[in-house]
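Here the protein sequences come in this chain order: A, B, C and D.
For the first sequence, the working numbering assigns the number 1 to the initial residue and increments by one for each residue that follows.
For the second sequence, the working numbering assigns the number 1 to the initial residue and increments by one for each residue that follows.
For the third sequence, the working numbering assigns the number 1 to the initial residue and increments by one for each residue that follows.
For the fourth sequence, the working numbering assigns the number 1 to the initial residue and increments by one for each residue that follows.
A couple of the hints might just be wrong.
Repeated chains share a single entry, so a pair holds when one copy, or any two copies, can fit it.
DSS-like cross-link-like pairs, simulated, lysine-lysine; straight-line CA separation at most 27 Å [claimed, not checked]:
#	residue 1	residue 2
1	Lys149	Lys259
2	Lys341	Lys24
3	Lys24	Lys143
4	Lys152	Lys259
5	Lys152	Lys216
6	Lys216	Lys149
7	Lys34	Lys66
8	Lys341	Lys143
9	Lys341	Lys54
10	Lys2	Lys65
11	Lys149	Lys340
12	Lys340	Lys54
No wet-lab data here; the hints were simulated from the structure.
Protein chains: 4
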Amino acid sequence: MKELNVAIVGTQFMGKAHSNAYSKVGDFFDLPAKPILKMACGVNEERLRQFANKFGWENTTTNWKKIIQRDDVDLIDISTPNDSHAPIAIAGAKAGKHIICEKPIARNVREARQMYEAAEEAGIAHAMIFNYRFVPAIALAKKMIDEGKIGKIHHFNAVYYQDWLIDPNFPMTWRHDAKASGSGAHGDMNAHTVDLARYLCGEIESVNGVEKNFVKNRPFSDGSGMGEVTTDDCSAFFAHFQNGALGVFQGTRFANGRKNYLRLEIFGSEGSLIFNLERLNELEYFNRNDDSDIQGFRNIIVTNSTHPYIGAWWPVGHIIGWEHTFIHEIKELVEAIEYKKPMIPSFWDGLKCQEVLDGVSNSARKGKWVNI
Amino acid sequence: MKELNVAIVGTQFMGKAHSNAYSKVGDFFDLPAKPILKMACGVNEERLRQFANKFGWENTTTNWKKIIQRDDVDLIDISTPNDSHAPIAIAGAKAGKHIICEKPIARNVREARQMYEAAEEAGIAHAMIFNYRFVPAIALAKKMIDEGKIGKIHHFNAVYYQDWLIDPNFPMTWRHDAKASGSGAHGDMNAHTVDLARYLCGEIESVNGVEKNFVKNRPFSDGSGMGEVTTDDCSAFFAHFQNGALGVFQGTRFANGRKNYLRLEIFGSEGSLIFNLERLNELEYFNRNDDSDIQGFRNIIVTNSTHPYIGAWWPVGHIIGWEHTFIHEIKELVEAIEYKKPMIPSFWDGLKCQEVLDGVSNSARKGKWVNI
Amino acid sequence: MKELNVAIVGTQFMGKAHSNAYSKVGDFFDLPAKPILKMACGVNEERLRQFANKFGWENTTTNWKKIIQRDDVDLIDISTPNDSHAPIAIAGAKAGKHIICEKPIARNVREARQMYEAAEEAGIAHAMIFNYRFVPAIALAKKMIDEGKIGKIHHFNAVYYQDWLIDPNFPMTWRHDAKASGSGAHGDMNAHTVDLARYLCGEIESVNGVEKNFVKNRPFSDGSGMGEVTTDDCSAFFAHFQNGALGVFQGTRFANGRKNYLRLEIFGSEGSLIFNLERLNELEYFNRNDDSDIQGFRNIIVTNSTHPYIGAWWPVGHIIGWEHTFIHEIKELVEAIEYKKPMIPSFWDGLKCQEVLDGVSNSARKGKWVNI
Amino acid sequence: MKELNVAIVGTQFMGKAHSNAYSKVGDFFDLPAKPILKMACGVNEERLRQFANKFGWENTTTNWKKIIQRDDVDLIDISTPNDSHAPIAIAGAKAGKHIICEKPIARNVREARQMYEAAEEAGIAHAMIFNYRFVPAIALAKKMIDEGKIGKIHHFNAVYYQDWLIDPNFPMTWRHDAKASGSGAHGDMNAHTVDLARYLCGEIESVNGVEKNFVKNRPFSDGSGMGEVTTDDCSAFFAHFQNGALGVFQGTRFANGRKNYLRLEIFGSEGSLIFNLERLNELEYFNRNDDSDIQGFRNIIVTNSTHPYIGAWWPVGHIIGWEHTFIHEIKELVEAIEYKKPMIPSFWDGLKCQEVLDGVSNSARKGKWVNI
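Start from the sequences and build out the full structure, keeping to the hints where you can.
Here it is, written out as structure tokens:
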């Protein structure tokens with residue numbers, strides 16, 4: 001069987017999730033090529049070694065440029081903090097490697113555009129990890145919307161709630177430093193909801209945002225005093241979509257009790273859809289055309305063998321988890337590479353998402369609407 | 001407007017709920033006669049006086065036989081402990097009064113049959129307070145079942161959970177004394193679910209039950225020591241229905257955290273219905289004939305003006321409460337009396353329910369199936 | 001017992017809800033005066049007559065000025081479209097009548113201020129019908145917030161979703177005419193959530209809003225052609241609170257499947273509260289200080305006898321409905337009048353709410369933040 | 001690293017789930033030995049080949065006795081229909097192989113006891129696949145019960161609902177043939193709930209059951225006419241536990257709309273626990289000792305790093321799926337084998353579960369209580 005050699009940069013949370021996807025995807029999907037876990041790159045040698053042993057990465061390096069130089073790497077997976085996305089992706093593209101990159105694509109539109117242009121120029125396959133498109137319930141929602149099941153969309157409301165920053169003693173991380181991350185909750189969380197909005201509802205024309213920071217200073221984890229938080233704790237914005245829908249978005253890390261709660265409420269002229277990431281195997285659907293006395297939101301358990309991606313897994317009612325979204329996306333990427341099909345979501349989608357994110361930040365600074 | 005003179009026996013929880021129904025029903029429904037709160041009977045004079053003042057009962061007495069003797073009483077409402085149902089109902093019927101009686105109809109089938117026969121012989125209107133039939137969501141369920149929306153019923157599962165007896169220091173009441181009440185959770189709670197079963201699923205052929213008592217002795221509330229609990233704390237049973245369905249029932253006052261949780265799960269060949277009394281404005285409906293990929297339990301908010309009884313109330317989404325069930329039943333009773341229509345549920349339904357209840361107790365004693 | 005003579009202006013949905021409250025409040029609460037349904041005023045004589053008969057209003061008139069002139073009216077209840085609130089309230093105040101008025105207080109701040117000043121000058125009791133303050137779960141939330149149970153509030157998110165305007169053939173009403181109503185979903189629905197925000201989270205400093213109209217023209221119900229909709233179908237806004245919280249609000253009549261869905265999500269430093277009007281007997285509460293492994297949103301069934309207002313009603317688990325909120329508020333009003341206590345919410349609250357509402361509309365026109 | 005050679009018998013649904021567990025467990029847990037997918041055995045050669053390729057089983061055979069004979073097999077995984085459990089397990093034990101077996105252990109107690117005795121005599125490690133013990137929420141429930149969080153258990157109510165047999169044209173399978181399966185829904189579904197009952201609530205003393213078959217004949221899938229269904233479509237029973245709790249159990253494949261819905265309701269003197277397999281990342285907990293006005297069922301999202309097994313996976317709120325339960329159990333088994341600890345659940349648990357299952361069937365035939 002044909003092989004596809006993968007190198008990964010980043011060994012933490014996302015590195016782990018992606019490693020699992022590469023090693024598992026072939027056990028469940030019939031693929032045109034088998035991903036080979038060729039090389040892993042990380043900054044901490046001990047952690048890198050453990051990581052590589054666990055998931056079976058054949059080689060390791062602490063210098064990502066080594067990856068670029070190798071002939072036996074076909075695909076580079078970028079799972080690092082946001083400030084290194086552009087240099088790695090651009091160098092990789094120039095070396096003719098396919099690239100898949102964690103969201104957000106970069107710290108700002110300028111970097112994103114450079115990445116997109118480099119990738120297009122090189123003619124490589126390029127993919128954004130917008131893994132929530134690959135939740136079966138979301139893929140089903142997309143299909144239902146495309147079929148007209150909820151008609152013309154009036155409202156696209158999205159929240160992404162977490163609560164891990166409420167404690168003011170939670171230490172500084174790269175996510176609190178605008179230089180490393182670009183933004184806080186905004187780029188991290190709204191990147192997901194903006195991408196889902198574009199996927200499900202179309203392009204955004206203009207935005208009006210507000211950002212807020214509840215904790216101004218946090219301790220450094222090494223005990224060396226307090227650092228200044230230069231990123232937002234929460235970010236909310238309104239959006240006008242090209243199709244006439246009104247969007248209301250909110251991402252926050254101060255929603256006590258909500259752990260990883262991404263909720264979509266999509267209200268259309270013929271029906272509605274509700275999704276909650278903490279119950280990602282379910283999709284609520286209201287059909288206005290059901291007989292009026294027996295209408296109601298249906299709770300669809302999205303585990304039928306005919307539901308998107310589910311045929312590869314278990315019988316109906318046997319739920320899958322968060323990690324499966326990566327497996328589904330890697331399946332699409334391997335097919336895109338091998339069949340020379342366009343990959344979606346690509347850096348184009350990363351760039352378009354970043355345009356909205358930057359527009360919101362810009363709008364929040366100005367206190368008024370900004371066109372995208 | 002024609003008037004219908006009502007006398008009530010019992011001034012506690014149920015007396016209050018019924019008083020509210022008589023005084024309010026005419027504000028919302030067009031009735032052929034107006035209920036007049038003529039006379040209230042209670043044992044405690046002070047409480048009786050307050051009760052009568054609050055709801056506007058014109059006269060009071062501490063002797064229920066006085067009610068029987070009055071010419072200006074048309075309808076007697078029996079809201080007393082179970083052991084007085086039969087004597088009051090039989091005397092009332094003989095005096096030509098219409099009767100409405102709280103559930104369970106009596107302490108046992110023998111009393112129930114005497115009541116039914118006395119009522120029939122007298123030609124009066126007789127009604128059982130099985131008020132949950134008059135929850136709009138239940139009335140809608142009945143309509144849907146009659147229309148075949150869930151097909152042939154395979155399973156009728158009913159629980160009634162409360163938790164007010166868990167504390168072993170909760171004192172003795174008449175409900176703990178088999179002489180006064182006949183049974184405990186069984187007659188009090190299963191009376192409701194058995195009636196709903198008969199209403200929604202049809203007659204029961206045989207039962208197999210188990211009863212349990214977790215607290216054997218409780219203190220008397222006057223401090224005079226401990227009394228022996230001679231009634232069940234919980235009662236569960238299986239039932240074979242005439243239509244081939246299998247029933248599983250459970251009533252308990254030891255379900256910690258459940259306050260007044262009556263849940264029905266009705267599974268049929270074409271669909272299913274789920275009901276929960278703590279959310280009585282909702283009915284969950286699964287339609288097997290919806291397209292398979294977008295099937296799911298629909299949560300119907302039963303507040304459309306076209307839903308049963310709702311037209312008299314508020315706009316859609318403005319929920320009603322538990323007390324409204326009595327108003328709906330009194331509306332039906334007033335119409336039955338004035339239009340000389342049969343009232344349903346009647347003492348017949350009380351008797352049939354009691355046959356099942358007694359059958360279960362009998363079965364629990366014997367440890368095996370009993371035919372009804 | 002002392003009597004309090006009430007006159008009502010308006011015989012439709014709200015007239016009905018208020019009538020029920022006046023007639024029922026004394027059956028359940030011990031009041032210092034008994035409300036007498038003295039006079040009802042409406043424009044349609046036939047409907048007025050039926051309305052008065054149903055609820056027992058002693059007299060009727062089609063001219064609200066007749067009410068002002070009567071000596072035997074103590075309290076005027078204004079349940080009319082928004083454009084008549086100010087003239088009736090001001091005239092009533094000048095005549096020394098106590099006034100209770102439906103929300104929003106008026107079409108704009110100018111009218112609201114005139115009403116407030118007239119009422120204060122006259123020294124009457126004045127009340128706003130912000131009935132959702134009197135949902136027991138909301139009153140409990142207020143108590144919990146005041147006790148510090150959720151700490152410092154970071155987020156106050158409120159939506160009010162309905163769906164009755166989605167059909168473009170739904171006819172023009174006074175609510176679609178800015179002259180009569182001031183605004184559309186905004187004044188009707190956001191009035192509620194703004195009041196709850198002020199009640200639970202405090203004053204709002206600045207807002208940034210967006211309004212949208214999905215259907216520009218609707219048919220007149222008399223078949224005389226099409227009218228222009230001059231009010232919003234939905235209105236959303238951000239708010240900065242004085243206490244540092246960030247608010248996100250949205251009211252819409254285009255949320256397919258949501259009938260009367262008002263949801264609050266209040267996230268604080270120590271916990272969170274979630275409320276949904278379609279399940280108004282419940283309150284969700286997250287306590288950050290519970291042991292971390294057994295934390296979770298608690299679903300409190302707000303039907304304990306010790307919960308606000310519930311002692312007057314039924315045993316635990318026996319739910320109440322939407323109409324009860326009016327009964328609770330009338331109870332407070334009767335006590336305020338008789339005990340000469342300040343009534344809350346008063347026209348002051350109506351005015352403060354209107355300042356926010358007008359600020360939002362202003363902000364939506366300008367496309368930027370507006371200070372309140 | 002030490003290796004543990006595994007052979008599997010059975011290549012269908014369970015074979016797939018177990019293969020995934022062996023191949024993935026080492027990526028997430030630190031194990032004393034690495035499972036090697038040494039040999040797979042199936043009846044259909046083509047399917048076997050594909051199965052082995054997908055998951056990387058090194059060798060294949062269509063004769064399970066070949067597995068017994070190999071020296072390089074340490075652990076045999078039995079994922080076959082119920083009638084072959086005993087012969088394979090007994091032969092394997094005699095050959096000194098460790099054994100893990102799918103539930104139910106066998107067709108009846110006689111077979112189960114032979115298996116248990118053979119395993120004990122051989123001194124091998126023996127395990128039952130009761131994978132729901134290894135749902136983190138269930139493991140947390142166990143911990144909470146052991147800590148006394150819900151006090152003395154009064155009620156243990158368990159249902160297992162599926163709906164895949166409602167269509168009478170669904171063909172005959174080995175599950176409809178008592179010779180191959182022993183029983184229908186009973187052994188398949190109640191095996192899970194009985195095991196969870198023993199795990200969470202302790203041993204069962206006596207049972208009283210009822211079984212029902214709604215479809216008597218089904219077509220053979222090869223078109224060769226109709227076969228007689230000799231197993232139950234549903235089975236319900238009452239149980240008295242040694243600790244005084246009352247159990248109510250029901251397993252059915254005729255619960256329309258329920259796909260894989262296993263619900264536990266455990267009511268104790270100090271609190272309660274509710275679990276639903278279709279939302280297996282959640283556990284509802286009621287604590288009677290919370291302040292009474294702010295009590296309620298808490299929805300615990302069981303995804304903290306400190307929750308059982310979760311530390312190996314993802315950050316809080318990122319849910320896992322059904323398949324993870326097998327990975328957790330295999331982790332326990334590898335440790336038991338390598339550290340020579342007793343494995344729980346073992347064949348002993350399989351035997352004890354079977355005693356209850358057989359007792360229920362026996363009771364259902366007799367129509368009365370049976371002691372275990």
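Consistency of the hints with the structure:
no., hint, result
1, Lys149 x Lys259, "between (31 Å within a copy, 20 Å between copies)"
2, Lys341 x Lys24, "within (22 Å within a copy, 30 Å between copies)"
3, Lys24 x Lys143, "within (26 Å within a copy, 32 Å between copies)"
4, Lys152 x Lys259, "between (32 Å within a copy, 19 Å between copies)"
5, Lys152 x Lys216, "between (42 Å within a copy, 16 Å between copies)"
6, Lys216 x Lys149, "between (46 Å within a copy, 24 Å between copies)"
7, Lys34 x Lys66, "within (23 Å within a copy, 31 Å between copies)"
8, Lys341 x Lys143, "within (20 Å within a copy, 51 Å between copies)"
9, Lys341 x Lys54, "between (32 Å within a copy, 24 Å between copies)"
10, Lys2 x Lys65, "within (26 Å within a copy, 35 Å between copies)"
11, Lys149 x Lys340, "neither (32 Å within a copy, 50 Å between copies)"
12, Lys340 x Lys54, "between (32 Å within a copy, 24 Å between copies)"
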